[in-house]
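**Student:** Each protein sequence line maps, in turn, to chains S and Y.
Take the first sequence: its letters are residues 4 to 318, numbered as in my numbering.
Take the second sequence: its letters are residues -6 to 244, numbered as in my numbering.
Please note that the accuracy of each hint is not assured.
Stretch-level coverage of chain S by chain Y, calculated; a stretch enters the list once three of its residues show a Cβ under 8 Å from a Cβ in chain Y [unchecked claim]:
hint: 1; region: 51 to 64
hint: 2; region: 133 to 145
hint: 3; region: 175 to 184
hint: 4; region: 301 to 308
Since the hints were made in silico from the structure, they are not lab data.
Beta carbons are placed, not taken as given, at the ideal position from N, Cα and C, and that holds for glycine.
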Amino acid sequence: MTISNMWVVLEAADDGFTPTSLELLSHARTIANTVSGVTWGAGAAFAAQAGEYGATTLYTVDVPTNSLPGAAVAAAIAGATLPDLILIPTSYDGRDIAGRLSARLKRPVLTNATNLNAEGHTEHPIFGGTQLVDAHFTTSGIGIVVVRAKSFTATPSGGAPAATTALSVPDLGRRGESSITNRHVEERTGPKLEEAAVVVAGGRGIGEATGFAIVEEIASLLNGAAGASRAIVDAGWVPYSLQVGQTGKTVKPAVYIACGISGATQHMVGMKGSKTIIAINKDPDAPIFQIADLGIVGDVKTVLPALAAVLRARS
Amino acid sequence: MNIVVCAKQIPDPSAPQSLDANHNLNRSGKLLLDEADTYGVEMALQLCEASGGEVIVVSMGDATDLTGLRTALAMGAARAIVVSDPILRGADALDTALVLSAVISSVAPDLVLTATESSDGYTGTVPAQIAELLGWPSVTFAKSLSIAGNQVNVSRQSEAGFDEVSVSLPAVVSVTAGVVEPRYASFKGIMAAKSKSVEVKTLSEIGVALVGGQAINSVTDAPSRQAGEKFVDDGSAADKIVAFLESVKAL
Ligand SMILES: Cc1cc2nc3c(=O)[nH]c(=O)nc-3n(C[C@H](O)[C@H](O)[C@H](O)COP(=O)(O)OP(=O)(O)OC[C@H]3O[C@@H](n4cnc5c(N)ncnc54)[C@H](O)[C@@H]3O)c2cc1C
Ligand SMILES: Nc1ncnc2c1ncn2[C@@H]1O[C@H](COP(=O)(O)O)[C@@H](O)[C@H]1O
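Produce the entire structure from the sequences given, and follow the hints as far as they go.
**Tutor:** Here it is, written out as structure tokens:
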């Protein structure tokens, strides 16, 4: 397929678009002649940033403040003059938009992509990232591709602010019905997990919920962020926002320290792009050691306190 | 209140996974209930136990083995409908949603529960696709869920924490692990499941036209990471880690 006109779904965070949104915009620029963004809510205020990362137009969708955006954004896009391809970040709302858009247009959607080339071929890691699938659309019409975080690097193009144009939302019937009655924000100190240069992650090997305190302390001593395997998220020891892996966050820090994590494929797919990996595990055959630059066969209950002591003494 | 739970049968996820010549996941052998769907089954059972009504499991996929669906029935679901057709092998998310939503329409439940993503396909788009095709609202990523009259109230994961969201019924809700603790099937449940109905339907019986439109060109090995040094801790682990952190300028 020829991709000359490309759209990117841009999700707003507090002070700009999310890192993944900007990564997709940066990549879109390398492929298409014309790149536009689609956003809603607070995103309408970020036309300057959309332009700075390569969008010439920022399409805005009017989503009621207390509604989930999926149905309205999908319907607004579906009703517009469609681009050749649309990139959507892998996120809660991104997946809703992608699913609804695909169903509305009866167009297939490629998900979990980590690359897209100028011919419209996408790349998808499978089996914990040990194999790569190369896929493409076989019928004409818009390509819908949902891309994982950290697949590309966000680089500004220095473009002028994007021109803002509103997309109209057709009558959604019951589809758009939802009301957000309350928003809860979890407290966080230090850098964001996805952006930290050092990630210290705990798994079931930390033994119990209170075992996570030392993981957090080491993360903070290294100016990094704490992460977790799904096992301890499911156990309720830490919030879901800390989960690294297939169903959690993708991280690519300079150093990832896996503490008491076995290295299941679904965990590894979220962290194997780290520049360097340190693993501490008492099982010498734990799969995590296969990708660790430094492997420590040992007990986290002794290694972590010792490490924290050395780091405390230096700080 | 009747609830449809979309549940997938998948090959044992702890066994090595492989692709066949058509790049489809090898699905020979036992097909288990996707663990991700056990939460939806349990949630539905608890809601129906509180308000009456039945839990109907809807699935698409090979019906050569029904172990997974029997597990859901043994947990307490009333019956199961599975659409199985050779043409559906390797069906993508949209075709899956077209098939599932057609079956759901015929059942006309008050609520549809799914997992947030399947363990073998993990597209994570099927729930929203089903909702769009049915013309219903949806709430994805529920970490808790309750029903009050004609409303379903959900705590939905968000980037910052979670949001409280309500929609009216009928609706589609995708639930995360942790929404409830799935029960183990009792002996009585396992015995009862043997006589519960599992209706197997072909694609033409439900009258759905597939869309298709995507294909795999190739599957290649990813560049693998080399393991580095491995030490058995002799008391010097902390120093080794610090030296490593210094060498990569993280300290
Ligand atoms: C669809 C699907 C999606 C998934 N998504 C994710 C995901 O996003 N992220 C994720 O992490 N997982 C995910 N999983 C779960 C994944 O398969 C594993 O179950 C999970 O990663 C295991 O977590 P763990 O390594 O902490 O626990 P375990 O596998 O139980 O490993 C614990 C490790 O700790 C070691 N250990 C025990 N005690 C000590 C000690 N005192 N000192 C040192 N080491 C010790 C053990 O040797 C063991 O290796 C997913 C699974 C499915 C099916
Ligand atoms: N073939 C299927 N049969 C039944 N339910 C399915 C099927 N595919 C997907 N689902 C449901 O939709 C959820 C999300 O799937 P997916 O979009 O493939 O990640 C799954 O966890 C199931 O609850």
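**Student:** Could you run down the list of hints and mark each one as holding or not?
**Tutor:** Comparing the hints with the structure gives:
Coverage of the region 51 to 64 of chain S by chain Y is violated. Counting CB-CB distances below 8 Å, 0 residues qualify, and the rule asks for three or more. Only residues whose beta carbon comes within less than 8 Å of a beta carbon in chain Y count, and the region 133 to 145 of chain S has 11; three or more means the coverage holds. A count of 9 residues in the region 175 to 184 of chain S with a Cβ less than 8 Å from any Cβ of chain Y is obtained; the coverage claim is therefore met, three being the minimum. Closer than 8 Å: that is the beta-carbon criterion, and the region 301 to 308 of chain S has 4 residues meeting it against chain Y, so the requirement of 3 holds.
Violated hint: 1 only; the structure is consistent with all others.
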